[in-house]
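J.: Next come the chains, spelled out residue by residue.
There are 6 protein chains.
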Amino acid sequence: MSQFDALNALKTFRPSNRQADQLRKVTLETGVTRYAEGSCLITVGHTKVLATASVEQGVPPFLKGKGQGWVTAEYGMLPRSTHTRSRREAAAGKQSGRTQEIQRLIGRSLRAVVDLKALGERQITLDCDVIQADGGTRCASITAAWVALSLACDKLLEQKLISASPIIDQVAAVSCGVFENVPVLDLDYDEDSTAETDSNFVLTGSGHIVEIQATGEKRGFSRDEFNTLFDLATQGATELFALQREAAGK
Amino acid sequence: MSQFDALNALKTFRPSNRQADQLRKVTLETGVTRYAEGSCLITVGHTKVLATASVEQGVPPFLKGKGQGWVTAEYGMLPRSTHTRSRREAAAGKQSGRTQEIQRLIGRSLRAVVDLKALGERQITLDCDVIQADGGTRCASITAAWVALSLACDKLLEQKLISASPIIDQVAAVSCGVFENVPVLDLDYDEDSTAETDSNFVLTGSGHIVEIQATGEKRGFSRDEFNTLFDLATQGATELFALQREAAGK
Amino acid sequence: MSQFDALNALKTFRPSNRQADQLRKVTLETGVTRYAEGSCLITVGHTKVLATASVEQGVPPFLKGKGQGWVTAEYGMLPRSTHTRSRREAAAGKQSGRTQEIQRLIGRSLRAVVDLKALGERQITLDCDVIQADGGTRCASITAAWVALSLACDKLLEQKLISASPIIDQVAAVSCGVFENVPVLDLDYDEDSTAETDSNFVLTGSGHIVEIQATGEKRGFSRDEFNTLFDLATQGATELFALQREAAGK
Amino acid sequence: MSQFDALNALKTFRPSNRQADQLRKVTLETGVTRYAEGSCLITVGHTKVLATASVEQGVPPFLKGKGQGWVTAEYGMLPRSTHTRSRREAAAGKQSGRTQEIQRLIGRSLRAVVDLKALGERQITLDCDVIQADGGTRCASITAAWVALSLACDKLLEQKLISASPIIDQVAAVSCGVFENVPVLDLDYDEDSTAETDSNFVLTGSGHIVEIQATGEKRGFSRDEFNTLFDLATQGATELFALQREAAGK
Amino acid sequence: MSQFDALNALKTFRPSNRQADQLRKVTLETGVTRYAEGSCLITVGHTKVLATASVEQGVPPFLKGKGQGWVTAEYGMLPRSTHTRSRREAAAGKQSGRTQEIQRLIGRSLRAVVDLKALGERQITLDCDVIQADGGTRCASITAAWVALSLACDKLLEQKLISASPIIDQVAAVSCGVFENVPVLDLDYDEDSTAETDSNFVLTGSGHIVEIQATGEKRGFSRDEFNTLFDLATQGATELFALQREAAGK
Amino acid sequence: MSQFDALNALKTFRPSNRQADQLRKVTLETGVTRYAEGSCLITVGHTKVLATASVEQGVPPFLKGKGQGWVTAEYGMLPRSTHTRSRREAAAGKQSGRTQEIQRLIGRSLRAVVDLKALGERQITLDCDVIQADGGTRCASITAAWVALSLACDKLLEQKLISASPIIDQVAAVSCGVFENVPVLDLDYDEDSTAETDSNFVLTGSGHIVEIQATGEKRGFSRDEFNTLFDLATQGATELFALQREAAGK
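Residue numbers (our numbering), protein chains in the order written: chain U, 3 to 252; chain H, 3 to 252; chain Y, 3 to 252; chain R, 3 to 252; chain F, 3 to 252; chain D, 3 to 252.
Just chain U, with the same shape it has in the complex:
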């Protein structure tokens, strides 16, 4: 029996009728674009994110001549991926603070599981574009981006441009939060917009932490609550790792 049975007994309180420790339905579809070296369309309930991996020769100036590669990410939302239309960032003339924060997080998360030396002097850019947003887009982006990255590295191996995969571990991300005073896994938009606490856990396949971001949106939260969120995230990530391996053909 799950350690969350007590929480689950309260399950009907979730707008989606999910149990406290239940992810939304997640699918990872690969090969969805014709040109990208790797691509993965993730759906997490109504959230849909397209992640593409683009391999380019050369590295940014600050890495020139250091004999290593680079992995970076960019994030964007289609203007009508949201309930009401958001302004197009290209028209606004800049990326919002939120966008920059998210794309920095995605890039850091992936670099944590890549051996940049093994990648050689090339850059892989992960573009994560949100087609439809129903909460959890940054976590979905990380989870899908790992698959796209993995496929792009497979292609480099096939083309014998590298001799060993630079990917040293899996990485996936999941959000948790305290909703109506109960810790729950994988917040959707309805939950997220009213949750007392929102947190994102970026974890590796081998059980390590890459990044934790936890915020008390409505109130501070206790260390006990935090620990339960962490347990939920660990369980959720385990499910995501299995789906990633299947999608990436590992």
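Note that these hints are calculated values from the structure, not bench results. Here the structure is a predicted model, which is why all the values come from computation and not from measurement. Nothing false has been slipped in among the hints.
Pairs involving identical chains hold if they fit within one copy or between any two copies, as the list cannot separate such chains.
SDA-like mimics (lysine to any residue), calculated; alpha carbons at most 20 Å apart, straight line:
id, residue 1, residue 2
1, K220, R110
2, K68, E219
3, K220, L65
4, K162, K252
5, K162, G69
6, K96, R106
7, K162, Q59
8, K119, K220
9, K157, I170
10, K68, K220
11, K157, G251
12, K157, T32
13, K220, F64
14, K119, T196
Given chain U, work out where chains H, Y, R, F and D should sit, using these hints.
T.: Same frame as chain U, but now just chains H, Y, R, F and D:
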């Protein structure tokens, strides 16, 4: 028999093996996003564009108090919709001249078939986002945007926010060009990048011209060539109008 | 007798009392600036545009080492060139979509008649600055820019920096439109702002089409109307070519 | 005895010779500017941050008429606050992603301890400007900003503009990290630039979590390591709360 | 005899063969644009600046409801007004520091001789656009702008929109400098680029100083030198005032 | 007795009770930052400016290979250095015209006393950041920047990177103005905001003028008034030179 039989006899010269007067396979899928008032995903061969229609109360300042609505468009390409990755315009901090030119064209084309008075003081924004680009994205955008716009207007009618449809005609667009000295319909990327001439025809269901843009890319072209391009476009648009009516349920 | 006699019989309907196929008075003055390698001030009725050609060594990055030159254009309007003052684009911090669209058109039009290989690894920039605007500024810009470009190439020849002129044909542009349901040549501002249809024809001295842009501003227009506009433009361009040759000393 | 005695036994490994659970010397000086409604200059070792609180009537548009106030923050570094000069963001024309991330964090952290209704329709802006940077500037900013905010609220009380303090708790922040495989409190720049893990804990006086950000910079880290970091942060924050109360005269 | 006879005895040292106290040939042509409420094209040797005055209802936000008007200025250079082409500021996306400095100076200079109360709640914008630059463009701009402003005020009087002219004095500007160790009047580009000292004097018809800017470009300069520059400027301005009165019909 | 005794007899009219020829209390504190090659915190009454000198290898592109160095300056105000909060320029996305004008002035002033050849191919950037503003910040910036620059050059000498000091003279700046019709030295904010005339004198230790900027804010001013302002400035600068020498250890 088609008037283009002589051209078609030369058909094998097209990289795609299409006849001179043959469109790529076109599909129009509607209801593809959960939030937009109207949406249409068009595929034209490998080109894929997602058009969404967003209805908002109010109009831009220059129309305040004039008792009419507004229809406008924005256009964007996902960074890896292209063969090699393009820079994200939001990161670059501005929309390129090409992007602005295209979105102005889309907006003008749709306004030509809308009775803005009948729309009331509301604005409909058509977002045309290119998921995959293989030539002809501006034409595909116009064709799909009309469907999304039509569905959004149906919704306004259903909600009894307007009493008659503001849409007074269909509008669709198709490109033609002179490729290896032969006028052909619906250029794909391979053809477009080497064609002598590129033209876009925006036409209405009732047989009128909304916009013509014709450019000699490699050389000037003759009026005879132009007239053949026009004939090809007229035939192609007829096929698109039928697909639009089917998609929009008319 | 002109083929437009039937249209001209209606002549009094034009605010300017011109005949349907009558250009405004056009003058092309050269040598108007002290520094530019070529310059031409065009007046078309009340419209005045100053075109200067600046020769610079080197080419843009995308042409480095290809053994060819480049021709490009920039367009601007003085803030009070218009009936009411427009905001200065330098103060606004960006060029409008309209400005970018026009300067891209001017550049394309000139490149269509230049042998870029014969130009060598140098760039010629045509600056088209509108001193006074009364309609038709983009067409006037193209017509004047060709003269400025021609003079700049003469200077390169004189200085023996090139051995043959890279200019392979003339190019000029003229607008036409359907005004009060009658096709007319060379719209001025009064006509342009109420015309049903606006079109710009960029044509070469040898009778080819470089670019056509035709837009139904108030309504779609028929192919017959379009053909009449094309005939008017062809006649108008013939007059402009003669004036260009005279100005450029050819 | 401290629970960190085992860690402290290793103390000589820190470049600063501090014990594992030892903060740098922290001072909080108030009243340092003549105009701001509240101000606090914090020094944490060589790190110096000036926080000022500015009270303005009115709230941002999204809060108009909701009967509540707003607290926000901006962050900046003087160009030569760092070891080598950094580019001035005003000259670069935009705030970096890092800057935006930090100022969003400061704002969220303070709002977590403010009753925005009790503040009335006014905005308090906390400007946190780094005079000298030696690691930990975002944490120092939060700790000092709370003092400046508290003083500004006292002033509003004195002026009888509000009847009760809107501040409902203290908030302070401290960084921790795993340095040479040992969890330590309050990283300075030397440690931060080589630490395996970096984390920031924003905690309230009543023992709740406002925000946790923990990142594996060089490698993922274990949950045990994380728990030790959390313990260290809790101890460090307790010291900061005492200093804040003293500075704010509470 | 002029007080500068001793200087003039050295006259052949000036590249232009002018005497030390000799202005270049100055002409002021009015009514040069069709739309502006006032316009003046000034030529000072090879320097040509077009100044237009645009009257608009309303004032900037900081003056709303204060029962007074505003006078402001903008300055620009055509890209090829200079010896070698300069980058277009609209394309660069911002106005240079130099441009802003100059347009602030022009605005201040004109406001010094305008009774803003008498102008009523309207704004007059002086656009000073440099057609050709051979030194002294900021001074030429001020001198011409006063004429354009004066004509625009006459028009307001004619239209009985104001009952008395808001212009309370003339204002003109002239540059002086120390060239080859000799103080001279009205530097042209050749002199300006090698002068030891450059200064601009903005003076009123009634003999007062509006603005002095004097800079030692190559070396500091003495108070005696400065006083001679001041004398030269006073003499030059007297000539400009006469030309202004003639141009403005006063 | 001072030549200003007559003016001083009127002394009580100054809000600060200073005599007409009396500077505010000035202090120059050096070594105030840990990283900068030279630093100086100047206080002039309530005005406080931090000037830092940063030495970097290399020169801007326009000086490459000319065997000389460069000295430049940047200026900024902390948002709450002023009576009411000013918008942060980094957030606004650009530096104001005023900021650019001031930093150009500071750079020019310092370059006037530096032998750029003797500096070698390196750049020294003077950052002048206003901590608190009570009038006279640009003058205070220049005065302090010279001290910071001098210290940075001493460091280069000590490190034997240069063999002789590139500093050939002192430079300091002081403002004067006509306040309630009396010329006074060193305007503070209260005086500056109502003064009829504002002027800044940048003078060298050897008695030369580097820059004069004098503006009639409320009215034009006479040459006699100007001469008195100049005398006051000369006296004030003499006091500043002594303080500079003491601070710089000369």
